[in-house]
Amino acid sequence: MTTTKPTLLLVGYGMVGHRFLEALAEAGAAARYRVVVLAEEPRPAYDRVGLTSYFSGRSADDLLLAEEGFTDRHGFEVHLSSPAVSLDPAARTVTTAAGRTLSYDTLVLATGSYPFVPPVDGRDAEGCFVYRTIEDLQAIEAYAAGARVGAVVGGGLLGLEAAGALKGLGLETHVVEFAPRLMPVQVDEAGGAALRRTIESMGVVVHTGIGTKAITVADGRAVGMSFTDDSELATDLVVFSAGVRPRDQLAREAGLAVGERGGIAIDEHCRTSDPHVFAIGECALAVDGRVYGLVAPGYEMAVSVARQLAEQAVQPFTGADLSTKLKLLGVDVASFGDAFGSTPGSLDVVYSDSRSGVYKKLVVTAEGALLGGILVGDASAYATLRPLTGTGRPLPVPAESLVLPAGADTAVSLGGSALPDDAVVCSCNNVTKGTIRAAVTDHQCTTVPEVKKCTRAGTNCGSCVKLLGTIVADELEASGVEVDRGLCPCFAHTRAELYEIVLVKRISTHRRLLAEHGRAPEGSEGCEVCKPTVASIIASLAPVLEASGHILDGEQGALQDTNDHFLANLQKNGSYSVVPRIPGGEITPDKLIVIGEVAKEFGLYTKITGGQRIDLFGASVDQLPMIWSRLVAAGFESGHAYGKSLRTVKSCVGSTWCRYGVQDSVAMAIQLELRYRGLRSPHKLKSAVSGCARECAEARGKDFGVIATTNGWNLYVGGNGGATPRHADLLAQDLDDEQLVRLIDRFLMFYIRTADRLERTSTWLERIEGGLDHVREVVVEDSLGIADELEALMARHIGDYQDEWAATLADPDRMRRFVSFVNAPGVPDPSIRFVPERDQVKPDLVLLATEEQLLAALDPDNAPFPAARILEEAR
Amino acid sequence: MTATATATRVELLSAAGWSPVCDWDLLVPGRGVAVLLPDGRQAAVFRDGSDRLYAVDNRDPFTGAYVLSRGLLGSTSDGRVYVASPLLKQRFDLATGECLDDEGVRIAVHAARSV
Numbered sequence: 001m002t003t004t005k006p007t008l009l010l011v012g013y014g015m016v017g018h019r020f021l022e023a024l025a026e027a028g029a030a031a032r033y034r035v036v037v038l039a040e041e042p043r044p045a046y047d048r049v050g051l052t053s054y055f056s057g058r059s060a061d062d063l064l065l066a067e068e069g070f071t072d073r074h075g076f077e078v079h080l081s082s083p084a085v086s087l088d089p090a091a092r093t094v095t096t097a098a099g100r101t102l103s104y105d106t107l108v109l110a111t112g113s114y115p116f117v118p119p120v121d122g123r124d125a126e127g128c129f130v131y132r133t134i135e136d137l138q139a140i141e142a143y144a145a146g147a148r149v150g151a152v153v154g155g156g157l158l159g160l161e162a163a164g165a166l167k168g169l170g171l172e173t174h175v176v177e178f179a180p181r182l183m184p185v186q187v188d189e190a191g192g193a194a195l196r197r198t199i200e201s202m203g204v205v206v207h208t209g210i211g212t213k214a215i216t217v218a219d220g221r222a223v224g225m226s227f228t229d230d231s232e233l234a235t236d237l238v239v240f241s242a243g244v245r246p247r248d249q250l251a252r253e254a255g256l257a258v259g260e261r262g263g264i265a266i267d268e269h270c271r272t273s274d275p276h277v278f279a280i281g282e283c284a285l286a287v288d289g290r291v292y293g294l295v296a297p298g299y300e301m302a303v304s305v306a307r308q309l310a311e312q313a314v315q316p317f318t319g320a321d322l323s324t325k326l327k328l329l330g331v332d333v334a335s336f337g338d339a340f341g342s343t344p345g346s347l348d349v350v351y352s353d354s355r356s357g358v359y360k361k362l363v364v365t366a367e368g369a370l371l372g373g374i375l376v377g378d379a380s381a382y383a384t385l386r387p388l389t390g391t392g393r394p395l396p397v398p399a400e401s402l403v404l405p406a407g408a409d410t411a412v413s414l415g416g417s418a419l420p421d422d423a424v425v426c427s428c429n430n431v432t433k434g435t436i437r438a439a440v441t442d443h444q445c446t447t448v449p450e451v452k453k454c455t456r457a458g459t460n461c462g463s464c465v466k467l468l469g470t471i472v473a474d475e476l477e478a479s480g481v482e483v484d485r486g487l488c489p490c491f492a493h494t495r496a497e498l499y500e501i502v503l504v505k506r507i508s509t510h511r512r513l514l515a516e517h518g519r520a521p522e523g524s525e526g527c528e529v530c531k532p533t534v535a536s537i538i539a540s541l542a543p544v545l546e547a548s549g550h551i552l553d554g555e556q557g558a559l560q561d562t563n564d565h566f567l568a569n570l571q572k573n574g575s576y577s578v579v580p581r582i583p584g585g586e587i588t589p590d591k592l593i594v595i596g597e598v599a600k601e602f603g604l605y606t607k608i609t610g611g612q613r614i615d616l617f618g619a620s621v622d623q624l625p626m627i628w629s630r631l632v633a634a635g636f637e638s639g640h641a642y643g644k645s646l647r648t649v650k651s652c653v654g655s656t657w658c659r660y661g662v663q664d665s666v667a668m669a670i671q672l673e674l675r676y677r678g679l680r681s682p683h684k685l686k687s688a689v690s691g692c693a694r695e696c697a698e699a700r701g702k703d704f705g706v707i708a709t710t711n712g713w714n715l716y717v718g719g720n721g722g723a724t725p726r727h728a729d730l731l732a733q734d735l736d737d738e739q740l741v742r743l744i745d746r747f748l749m750f751y752i753r754t755a756d757r758l759e760r761t762s763t764w765l766e767r768i769e770g771g772l773d774h775v776r777e778v779v780v781e782d783s784l785g786i787a788d789e790l791e792a793l794m795a796r797h798i799g800d801y802q803d804e805w806a807a808t809l810a811d812p813d814r815m816r817r818f819v820s821f822v823n824a825p826g827v828p829d830p831s832i833r834f835v836p837e838r839d840q841v842k843p844d845l846v847l848l849a850t851e852e853q854l855l856a857a858l859d860p861d862n863a864p865f866p867a868a869r870i871l872e873e874a875r
Numbered sequence: 001m002t003a004t005a006t007a008t009r010v011e012l013l014s015a016a017g018w019s020p021v022c023d024w025d026l027l028v029p030g031r032g033v034a035v036l037l038p039d040g041r042q043a044a045v046f047r048d049g050s051d052r053l054y055a056v057d058n059r060d061p062f063t064g065a066y067v068l069s070r071g072l073l074g075s076t077s078d079g080r081v082y083v084a085s086p087l088l089k090q091r092f093d094l095a096t097g098e099c100l101d102d103e104g105v106r107i108a109v110h111a112a113r114s115v
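Residue numbers (the numbering used here), protein chains in the order written: chain A, 1 to 875; chain B, 1 to 115.
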């Protein structure tokens, strides 16, 4: 291929390399260059920061950073498994391990770092690992299956991540740290002690102040370790996680300037000593003499270089904030600014409670300006404190009130209003409060998801999303933007607010709710939005309201959309489709035969659905009771395909048959489907249960998905397929049957209580303040103290469940609606006609085109013929 | 359109004169029923929450399907009572037949009474 475009060569396709490509595309420069990418690993860039989540169910594919088609769309040529081995700056070429030589006009080195393995004897034995790539994790996972004890060398950030992983793999876990405390770079002695206590209480053994002397090896395998204090430890597996070193070999051997202790030297525009070569991320040595091992500064460098290549102005990179907030083994740890109080004259404000493992320290100036801090055990204040750090202005409230636990008399939590415009709210993407405000005022964003999209704030680690929400809300209010959050013209309340009103005031009719709480004029009819919504709320709460549990009774019958009104799904020609429940997708041959016979007798089109059921199309309203009499007699019940309610719980075949299955996914799916059938909710609910991590049931595409582990079940929530696919997030892991069901009970009822109309769990989870963490606190940790109430509501629903179709067939009042014409019962609707297609029927849409055609078709010489006869003639 | 709450039978006017629809009590406030006219056409008859009676064509002009009788009633903030098509949710003023979401579209209105 010949090209006149200059070649831009990127060596290294990790997180920073990927951000560079993204920024290049964002800056509109992707098409200016022929962009070639050399990746050492066999897969495109993935979320290395979130690497440990591989062990909690995220697959290697889930960790990928680029959306499908990203590199193709921008014309980037990516070569996987193609490490660069040499660089010739004079010839401007790079040679790969396979011997291929590529020319470049501009070279960007994003080679990252490699794990440092201390030069101890035995470090190469079988059973010794590092913790850097997906392949490393896969190797650890495989080896851990035959091991009992695991030890991690290094008690820093990565070391504790690795310890969490070993613990999760079921090993007796040890952490060995050379420094006198854990996380010596981020936290002080007292913070390290708080961290240690909490981690030890989880059963991880912590050894500090000792170095590893050697790995004991027998038959080529690691069997133990010996230490500088002459103690020993028997272990089957060792993970070295003692820090990383910049990968500067390529540049070093090519004669580019490198630092004494490693790192490719760059200027403040990330240029190396060769003007055609840039270096970004962990391989680069910045002008302040530091190598930054965090992703945020790497991103900053990536964006800077991309913009320079697009000939845009950039800020010089002179150094970065080393603030971090993480959750290690479930413990919050945050460290920001001058965490150790090294500024002359700085003072400490400290709160420590060893009972709960909480330690908070703020470093302030004599005037009360915030310099930095350390938070262990409770880092909720991090999002607001970090942006206030280093501004030089005194804190808006006394520092002591910021370290006290929530609920203490003088504890204060700061909202977004306390921050100046230049405060960086999202440190991952370097987004200031001013930029977020501008998204609302200048770009008309009115919701947090819109602001995230517009500014990129909160799209990486997510720790600032809650703060983002308060800034957006404040700004909307301040700019006088009237955001009508009302359900419809009839109600100024949201669906969630109406739910609370209905529950508290025990209102069981739409009419009363509209009269007492509506904003429509007196005598209003309501509308097609609030009627079904209120009917759904009343149905969800029916047992508590002592309203009829049947959705067609009394006023409820008048509020339902046509689908709920006829307990079937309206199709484009006015006919309906019928979906009997097939729990878990398990069905006997006899029942399959009944479905086939019914479909044949009534001339229905049949199709297998995505939810492992069978949909029967083309029934007229007067056929529905006859069809259902047959189905109910054969033991079927309503599948609620017509309702905003639980649809199906899909399953794979599970451990009963599958040679990979570890749990009985079919039994669990049936149990869940029968438990939640008929539950009315803000939108449809879908679920699935997979019998092993291969995930054949696609549970992570569901509102609540369950995946089997060898220890029980992992519960995922907020997944969705459809137009905006979203993988469900892990809510809790390794649950037994009872725990699983209890958490789902609470989750569903909390969703039903707080979601907006037609808001699927995926958007609900993105919208609600605090996101997944908040939902976990409420559902798993019961932070609001409502878990009992949620469980009780679900128990009443389950106790009161009845099959809607069986109950309808048994009641002449409910049956009266199933006629095509009120003045001619028994006469079929002439507009519902079919034509053959692929041995079945489809709607005759020609008939619907004009009324004249329909009337002509009704001519006595041209007698109407039913679907069954069309089929007969077609054969 | 006629208002009464005491009558017992609903009738509809077509080319063939007034013909019976059903007992008043069969109509559910806020909902409709479909009526087959002697010439083969179809009408949708509704009773609103204030016991007023309306009749319009049953055919949804946007889809050609005969489904308007299965829509939900609503009223606008200025008190116009409408039916929302159950298929694609366009709203039709029951007194005038005008589509509230598409100016150029109108459906036929029929006379109905209760006797």
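You may find that some hints are simply not true.
Taking beta-carbon pairs under 8 Å as the criterion, some of the chain A residues facing chain B (in silico) [stated by the list, open to error]: (1) Ala254; (2) Ser524; (3) Asp553; (4) Gly557; (5) Ala849; (6) Leu855.
Each computed DSS-like pair below joins lysine-lysine, with the alpha-carbon atoms no more than 25 Å apart [said to hold, decoys possible]: (7) A/Lys572 x A/Lys600; (8) A/Lys572 x B/Lys89; (9) A/Lys684 x B/Lys89; (10) A/Lys505 x A/Lys466; (11) A/Lys572 x A/Lys453; (12) A/Lys5 x A/Lys167; (13) A/Lys325 x A/Lys453; (14) A/Lys842 x B/Lys89; (15) A/Lys466 x A/Lys453.
Since the hints were derived computationally from the structure, they do not count as laboratory data.
All of these numbers come straight from a predicted model, not from anything done at the bench.
Just so it is clear, CB atoms sit at the ideal spot from N, CA and C, and this is done for glycine as well.
For this structure, which hints from the list above don't hold up?
Per hint list: 1, 3, 10, 11 and 12 violated.
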